[in-house]
Amino acid sequence: MPVQKQVRMVADLNKCLGCHTCTMACKTMWTDRNKGQMHMYWNNVETQPGQGYPKNWETLGGWFNTKDKNSIPLPGINESYGTPWEYNYGEVLKTNGGDAPASVLIPNPKPLGGSAYASNWDEDVGDGKFPNSYYFYLPRICNHCSDPPCVDACPRQAVYKRKEDGIVLVDQKRCRGYRYCIKGCPYKKIYYNPEEKISQKCIFCYPRIEQHKGNLCATQCVGRIHHVGFADDTASSVYKLVNTWKVALRLHPEFKTDPNVFYIPPLSPPAYTQTGKLTENQRIPVEMLAKLFGDTAEQSFDERVGRIREIFSTILSEREKVASGRSSELIDILIPHSEADRIQV
Amino acid sequence: MADSDPPAEIKAAYTPGTISLDPEDPVWHNAPETTIIFSRRLNEVGARTTFLPDEVRQAKVKAAHNGTDIFFFYQWNAASENNSVGDYPIFADAFAMEIPLFTEESPLWMGAMDKPVNIIFWRADLPAPENIVAGGMGTPQTSPDAASRNIRHYQKWENGTWSLVITRPMAAASENQVSFARGRSYRIAFANWKGGAYAERGGHKIVSEWQALSIE
Chain A
1 MPVQKQVRMV ADLNKCLGCH TCTMACKTMW TDRNKGQMHM YWNNVETQPG
51 QGYPKNWETL GGWFNTKDKN SIPLPGINES YGTPWEYNYG EVLKTNGGDA
101 PASVLIPNPK PLGGSAYASN WDEDVGDGKF PNSYYFYLPR ICNHCSDPPC
151 VDACPRQAVY KRKEDGIVLV DQKRCRGYRY CIKGCPYKKI YYNPEEKISQ
201 KCIFCYPRIE QHKGNLCATQ CVGRIHHVGF ADDTASSVYK LVNTWKVALR
251 LHPEFKTDPN VFYIPPLSPP AYTQTGKLTE NQRIPVEMLA KLFGDTAEQS
301 FDERVGRIRE IFSTILSERE KVASGRSSEL IDILIPHSEA DRIQV
Chain B
346 MADSDPPAEI KAAYTPGTIS LDPEDPVWHN APETTIIFSR RLNEVGARTT
396 FLPDEVRQAK VKAAHNGTDI FFFYQWNAAS ENNSVGDYPI FADAFAMEIP
446 LFTEESPLWM GAMDKPVNII FWRADLPAPE NIVAGGMGTP QTSPDAASRN
496 IRHYQKWENG TWSLVITRPM AAASENQVSF ARGRSYRIAF ANWKGGAYAE
546 RGGHKIVSEW QALSIE
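One line per chain: the protein sequences are A and B, in this order.
Under the working numbering, the first residue of the first sequence is numbered 1, with each subsequent residue one higher.
Under the working numbering, the first residue of the second sequence is numbered 346, with each subsequent residue one higher.
Derived from the structure by calculation, the hints contain no laboratory data.
Be careful, since some hints might not be right.
What the hints assert, rightly or not - When the alpha-carbon atoms are kept at most 30 Å apart in a straight line, the in silico DSSO-like pairs for lysine-lysine are as follows: (1) 197(A) x 550(B); (2) 501(B) x 197(A); (3) 94(A) x 35(A); (4) 173(A) x 460(B); (5) 173(A) x 501(B).
Said to hold, decoys possible - Among the chain A residues that face chain B by a calculated CB cut under 7 Å, a handful are: (6) 69; (7) 75; (8) 77; (9) 82; (10) 84; (11) 151; (12) 155; (13) 156; (14) 157; (15) 161; (16) 178; (17) 180; (18) 192; (19) 197.
Yeah, the Cβ is synthetic: ideal placement off N, Cα and C, and Gly gets one too.
With the rest of the complex left out, here is chain A (with noise of 0.2 Å):
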């Protein structure tokens, strides 16, 4: 069903700093600690290279890039998203006055043995070899489609998109709890509520888009990595990004759905060679990036690679006029002094 207007968001990987204050803002906001949201990380921050939240999503599949939908398989919260603990805050922090009972933060259930896991679980552990190793921070949030595969997936149309904005929502008095939308995400962004017995996801703060108010990872964020506009604002700094310098791109575009949420891919110090010479090539294999990030699905990886090498370029030209006391609209963009340079709604 066509949108009238689709809201898309730039994060831009090169300020991502990893501090998950996205993630915690939308935590706090939208599912707290409340019983079956425990595990729920409707924005979450992961390592790449990394197994990512829930473990190993980039491999389990999904409605339009799977052959055998039946083989889709649906994650276990013990096993994919690890389970939830606390800690014995009451007992560390003095909040009810007095001498502090305990003197150390213990999380309870202990998250033990090999299967043990967590939202961030691998934080910074990336690949490579010393002195080469890598990684990037990956924040992400529900890609709002314009091919939701949720959509398509449930039999029963209680996940919809909105034609006002393009934000992909579940019906929460539609859902009946079949989880064919976790099975037709193949960025595994939906969650299931096991107290309430459906599904709940990233709602892109609709509530605020509908005030004209940045959603709240991006709002939040420290390195102001985000922008948010509509896709057909050709002012808003989201067009410029994607459209006109062509600097940000799709996280896996081949899964077919054509996500609303783009990111620009990371720079990266140069790599050294064995006798620890300093080379031309980035820190980060140009290669691992095209595996992540690429334009459109049909697009084969030797073009996602030529891409990546194209946009790196820009920025670094661009960075270059502006270190000669030259302007650069691009980098304006990209180092907003204002909440309104950067979030146009």
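We have chain A; now place chain B onto it with these hints.
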């Protein structure tokens, strides 16, 4: 059961006095038992088809009433008890009975917009069976009115068998319910879902043909 087979007759005999939810209630001692064959299946896209193609699934049905309340007693084989939906891959066993809401022409598959059906849906994890109205596939809606929450039940899984007793006042509590009248006959169909590894839910279920329910 082929399409041409005559529908099974389920007779709800009149027994004055109190009938309890207990499956050992004396009302069931002499009540005639009907075997229902679940013969039809819809393969829902994305559903795991772990069932055997030659699987025979059936349920035993008894019915009774005392003039004010109607009781249904169902028993069917289930190798394991699946009574939780507490994690992503976990699904619960379920059973449903479907009756045309106001015209006998309602299609078996969830009725149609102008020919709705009334469904009583039981799932092992739910506190009570739900009153549902549907007007076609994908449309079933649990009745939001408080009056329609008048269905009580008893459930027990033991030695590979589910026993389920469902009761409801015979008079409809709202426009979302069918009224059961003495001397009348109704079309009735049944559906069964295996939870657990079968992961049956929604349209991924096994269904009987229309049967006949007569109220003494």
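Next on the checklist: Checking hints one by one. Is residue 75(A) an interface residue toward chain B, by the C-beta closer than 7 Å rule?
Outcome noted: Interface hint status for residue 75(A): holds (6 Å vs cutoff 7 Å).
| said: Hint check: residue 501(B) vs residue 197(A), CA-CA at most 30 Å. Holds or violated? | reply: It holds: about 22 Å lies between the C-alpha atoms, which stays within 30 Å.
Just to be careful, I want the Cα atoms of residue 94(A) and residue 35(A) compared with a cutoff of 30 Å; is the pair within it?
At roughly 26 Å apart (the allowed maximum being 30 Å), residue 35(A) and residue 94(A) satisfy the hint.
Is the hinted pair residue 173(A) and residue 501(B) satisfied, with a Cα-Cα distance of at most 30 Å?
The hint holds at about 29 Å.
Mind checking the CB of residue 180(A) against every CB in chain B and telling me if the closest is under 7 Å?
-> holds (5 Å)
Regarding the hint that residue 84(A) lies at the interface with chain B, is the smallest CB-CB distance below 7 Å?
Since chain B brings no Cβ nearer than about 13 Å to residue 84(A), farther than 7 Å, the hint is violated.
- Message: Under 7 Å is the threshold here; is the Cβ of residue 197(A) close enough to any Cβ of chain B for the hint to stand?
- Response: Given a least distance of 5 Å, the restraint on residue 197(A) holds.
Q.
Tell me if the interface restraint on residue 82(A) is satisfied: Cβ within less than 7 Å of some Cβ in chain B.
A. violated (13 Å)
inquiry  = Holds or violated: the hint that residue 156(A) contacts chain B, with Cβ atoms closer than 7 Å.
reply    = holds (5 Å)
Check: Can residue 151(A) be said to touch chain B, with a Cβ gap under 7 Å?
Finding: violated (13 Å)
Problem set entry | Restraint check, 7 Å cut-off on beta carbons, for residue 192(A) near chain B | holds (5 Å)
Restraint satisfaction for residue 178(A) [CB to CB of chain B, less than 7 Å]: holds (4 Å)
Going down the numbered hints, you'll see the structure goes against 9, 10, 11, 15, while the others check out.
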